[in-house]
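Trainee: Start from the sequences, fold in the hints, and give me the full structure.
Numbering (this note's numbering) for the sequence shown: 13 to 446.
Since the hints were derived computationally from the structure, they do not count as laboratory data. Be careful, since some hints might not be right.
[Said to hold, decoys possible] In silico DSS-like links for lysine-lysine, alpha-carbon gap of 27 Å or less:
1) K217 to K183
2) K242 to K252
3) K253 to K333
4) K375 to K432
5) K213 to K345
6) K442 to K432
7) K442 to K157
8) K280 to K191
9) K194 to K43
10) K134 to K45
11) K377 to K398
12) K432 to K401
13) K194 to K300
14) K217 to K194
15) K264 to K253
16) K134 to K171
17) K197 to K43
18) K375 to K401
19) K442 to K398
20) K213 to K157
21) K413 to K264
22) K191 to K375
23) K442 to K290
24) K300 to K442
25) K238 to K344
26) K208 to K134
27) K300 to K280
28) K93 to K194
29) K165 to K280
30) K284 to K432
31) K191 to K432
[Unchecked claim] Ranges between beta-carbon positions, derived for each pair:
32) P246 to I282: 31 to 41 Å
33) G133 to K407: 48 to 58 Å
34) D218 to P396: 29 to 39 Å
35) D64 to D218: 48 to 58 Å
36) L292 to N155: 28 to 38 Å
37) D416 to G376: 20 to 30 Å
38) D176 to S151: 15 to 25 Å
39) K256 to D200: 22 to 32 Å
40) T65 to I250: 53 to 63 Å
If you're wondering where the values come from, they're calculated on a predicted model, not measured in any experiment. Idealized CB from N, CA, C, for every residue including glycine.
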Amino acid sequence: MKIIKLKATASFPGAESKSATLTLLPNFELKIKPIREQNTIVPLGISNFNGDTESQFIEFEIEILEHGIDEFSVEVLLDDKVIYTVYSEKQTLDEVIIIAKGTNTKKENIEEEAPMNYPIGKYSFKWDGFDSNGIYDSSLFTNGKLKARLKGKIESVEKTVDSDEFYFECKEVNWVDTKIDKNSKRIDVTLRINLKDGGEKGTEKDCYETGSGSYAPITKHCPWDKIPEKDIDPKDPILKKRNKNNNFDALKQLALNGIEKYWERNSKNIGKGVYINKELYEVYLSCKQDEQGMVAPEIIYFTNSENGTFNRSHNWFASRKLYYKEGYLKNKKWDYRIPSDAVQYFKETAAHEIGHQLLVELKGKYHSYTHKGTSHPSVIIQDPVKGTKYPTGSKEIDLMKYADDFYPYDYYKRVILSEKDLLGLLWLTKLELN
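Mentor: Okay, structure coming up:
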């Protein structure tokens with residue numbers, strides 16, 4: 013530091029003259045602000061669906077004026093609470109880069125000048141969004157206000173300055189948040205989905221009467237009248253009305269559970285996790301119903317009816333329907349689907365159909381509606397490309413692909429959202445500095 017010494021002498025009648033030296037400490041000023049030209053952040057720098065690199069840092073410009081300093085610290089505050097602190101002695105040179113230096117001017121009475129760690133100039137400080145405990149939570153950035161606090165020191169002189177408040181908005185979609193624990197290598201994803209009630213088909217609500225009663229007898233007609241008596245098994249009752257196990261609330265929860273089951277990748281399933289920067293992270297999903305959430309189909313309860321082209325589950329921009337089918341159903345003949353089979357099939361179907369909107373967001377409608385190139389290129393015909401097969405052995409099965417093949421016996425243990433698609437979901441949590 014620069015030490016400036018000023019000498020003063022005083023004398024009084026009958027007293028010895030005295031002189032003293034006054035040491036003036038240097039003055040310095042600090043500034044800090046986010047660099048808005050580099051205004052987006054993706055956790056851990058996850059690449060987009062095309063493999064393009066994304067920024068994983070929020071960058072700040074630090075300016076030191078009038079005099080250099082020996083040490084500094086930077087704090088990041090969320091709603092005025094410190095969530096991250098870094099000190100100059102722990103900051104690597106790669107993270108603090110001198111952009112420009114000021115020039116020194118000569119002054120009289122300067123006795124000595126010791127080297128300073130951070131001379132006058134502009135510096136760049138990068139923060140990856142993780143707090144001091146190694147946690148990244150995207151929801152905090154969009155629901156709170158942040159600011160950076162810079163503290164500088166030289167000898168006994170200390171100063172503090174705050175940046176203006178800033179906040180982030182969702183860059184891609186507003187229906188997914190992610191929380192990442194860098195220490196445990198765990199990622200928790202919160203997905204908000206807007207499922208709707210599409211009613212029911214094949215129950216007593218579809219019964220109707222004919223005949224006036226005066227000139228023709230009143231006759232009641234119900235959907236199950238079409239089922240041949242020979243195909244009705246006494247142990248498999250006709251489902252004439254819904255109950256608490258298959259009402260809309262129950263089916264909605266089954267759909268959400270299905271998405272959680274087949275989208276997450278962790279040690280509990282075949283996926284094990286996703287690799288980010290060559291490190292394995294386990295990913296867990298929590299799905300919630302939200303009217304402001306991801307666009308999704310209406311759920312329709314379906315029984316005592318014939319399966320056909322127009323009652324297949326689908327999730328297209330022009331029509332979105334998700335069928336829960338149980339009881340007596342006709343394909344080539346009438347069969348009975350028991351509740352446990354219906355639940356298993358529905359949960360996987362829900363995960364697949366909601367997955368279509370994910371693919372739309374990541375690579376567009378054609379990529380989604382052709383099932384990544386495994387269904388007919390016309391899009392209108394939803395049949396698998398001839399010759400496509402499911403992976404053999406213990407290999408995972410892509411939830412979003414079709415196959416011209418029979419379901420393997422262990423299909424529901426091996427089917428899962430692909431690693432690339434799940435990384436795409438994490439990429440969708442991209443934030444933009446506002």
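Trainee: Decide, hint by hint, whether the structure agrees.
Mentor: Okay, the hints, checked on the actual structure:
1. K217 to K183: violated (45 Å)
2. K242 to K252: At roughly 18 Å apart (the allowed maximum being 27 Å), K252 and K242 satisfy the hint.
3. K253 to K333: holds (20 Å)
4. K375 to K432: Holds: K375 and K432 sit about 12 Å apart, inside 27 Å.
5. K213 to K345: The given pair, whose Cα atoms are some 19 Å apart, holds under the 27 Å limit.
6. K442 to K432: holds (16 Å)
7. K442 to K157: Holds, at roughly 17 Å.
8. K280 to K191: holds (19 Å)
9. K194 to K43: violated (30 Å)
10. K134 to K45: Holds, at roughly 11 Å.
11. K377 to K398: Holds, at about 22 Å.
12. K432 to K401: holds (20 Å)
13. K194 to K300: holds (25 Å)
14. K217 to K194: violated (53 Å)
15. K264 to K253: holds (18 Å)
16. K134 to K171: holds (17 Å)
17. K197 to K43: Violated. K197 to K43 sits at ~35 Å, over the 27 Å cutoff.
18. K375 to K401: Holds, because 24 Å separates the two Cα atoms, which is no more than 27 Å.
19. K442 to K398: Violated: K442 and K398 sit about 38 Å apart, past 27 Å.
20. K213 to K157: violated (49 Å)
21. K413 to K264: OK: K413 and K264 at ~24 Å, within 27 Å.
22. K191 to K375: holds (24 Å)
23. K442 to K290: OK: K442 and K290 at ~20 Å, within 27 Å.
24. K300 to K442: Holds, at about 20 Å.
25. K238 to K344: holds (14 Å)
26. K208 to K134: violated (54 Å)
27. K300 to K280: With Cα atoms ~21 Å apart, K300 and K280 stay inside 27 Å; holds.
28. K93 to K194: The given pair, whose Cα atoms are some 21 Å apart, holds under the 27 Å limit.
29. K165 to K280: violated (51 Å)
30. K284 to K432: Satisfied, since the Cα-Cα distance of roughly 13 Å is no more than 27 Å.
31. K191 to K432: holds (19 Å)
32. P246 to I282: 31 to 41 Å: holds (40 Å)
33. G133 to K407: 48 to 58 Å: holds (56 Å)
34. D218 to P396: 29 to 39 Å: Holds, since D218 and P396 (Cβ atoms, about 32 Å apart) stay within the stated range.
35. D64 to D218: 48 to 58 Å: holds (52 Å)
36. L292 to N155: 28 to 38 Å: holds (29 Å)
37. D416 to G376: 20 to 30 Å: Between D416 and G376, where Cβ atoms are some 24 Å apart, the hint holds.
38. D176 to S151: 15 to 25 Å: Between D176 and S151, where Cβ atoms are some 22 Å apart, the hint holds.
39. K256 to D200: 22 to 32 Å: holds (30 Å)
40. T65 to I250: 53 to 63 Å: holds (59 Å)
When the structure is compared with the earlier hints, violations turn up for hints 1, 9, 14, 17, 19, 20, 26 and 29 and for no others.
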